[in-house]
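S.K.: All chains should be built: construct the whole structure from the sequences, respecting the hints.
Mapping the sequence shown onto the working numbering, position 45 (from 1) lands on 46, and the numbers just tick up by one.
Read the hints as simulated data drawn from the structure, not as lab findings.
Here are the simulated EDC-like cross-link-like pairs (lysine to aspartate or glutamate), alpha carbons at most 16 Å apart as the crow flies:
#1 K104 / E203
#2 K193 / D112
#3 K100 / E204
#4 K193 / D108
#5 K104 / D153
#6 K54 / D33
#7 K137 / E72
#8 K100 / E203
#9 K206 / E155
#10 K104 / E204
#11 K100 / D153
#12 K137 / D79
#13 K206 / D108
#14 K100 / E155
#15 K206 / E173
#16 K137 / E71
#17 K206 / D153
#18 K104 / D91
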Amino acid sequence: MPNRVVHLIPADRASRGSRNEQKLRTRQRLIDVALGLSAEHGFSALSLREVTKAAGITPAAFYRHFRDMEELGLSLVDQVGLSLRRLLRDARHRTESEKGMVKASIDAFMDYLHENGNLFRLLLGERQGASPAFRKAIHAELDRFVSELSEDLERYARSRGAPLRNPEYAAEATVAVVFTVGAEALELPRHKQASLAFRLAEEVKMILRGARAASRKK
Numbered sequence: 002m003p004n005r006v007v008h009l010i011p012a013d014r015a016s017r018g019s020r021n022e023q024k025l026r027t028r029q030r031l032i033d034v035a036l037g038l039s040a041e042h043g044f045s046a047l048s049l050r051e052v053t054k055a056a057g058i059t060p061a062a063f064y065r066h067f068r069d070m071e072e073l074g075l076s077l078v079d080q081v082g083l084s085l086r087r088l089l090r091d092a093r094h095r096t097e098s099e100k101g102m103v104k105a106s107i108d109a110f111m112d113y114l115h116e117n118g119n120l121f122r123l124l125l126g127e128r129q130g131a132s133p134a135f136r137k138a139i140h141a142e143l144d145r146f147v148s149e150l151s152e153d154l155e156r157y158a159r160s161r162g163a164p165l166r167n168p169e170y171a172a173e174a175t176v177a178v179v180f181t182v183g184a185e186a187l188e189l190p191r192h193k194q195a196s197l198a199f200r201l202a203e204e205v206k207m208i209l210r211g212a213r214a215a216s217r218k219k
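M.R.: The following block contains the structure:
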């Protein structure tokens, strides 16, 4: 009977992997706890001790994961911005028509608000907050929203032979309207958000019609 070769993972490597996984889980728990607490009071009102107590770790252990509360906050912004941008990008790419893109994007956005209102509140609440680093990070996220939407608007316009004048301006106006209506929607029960979604769709269509009309007048 031939000898079988058994490949074993060294104990120290397995231990390191386990520690790294635990560290990542604790880091994510801090982020999740901070998101939950910031929905009630705003992130700028949170203390390190409050976050660590809710996460079930000591204040000293916090510093194994983040330099300070500001770094934790910047991680929150990254996660919130990335998740929302990915959601809206996927919605836009599920359709080949501009009308379908607008509807799919707004439906996805309203669903996101219903399920993750506290995350959106973080972006809204800290956009004009006291921390320069926070404001810079949030404005950078907004710029990414604009950049990705601008690329998709230009692609849709080319595919239908109806160019937009300055698609980046149309994207910037659209993002501004979406965030404004999103702030209103947060204060309404779900059954009253349908009229807001309709209004938002009409406003976005008006922006796009205006951009096409401006292109024809060049």
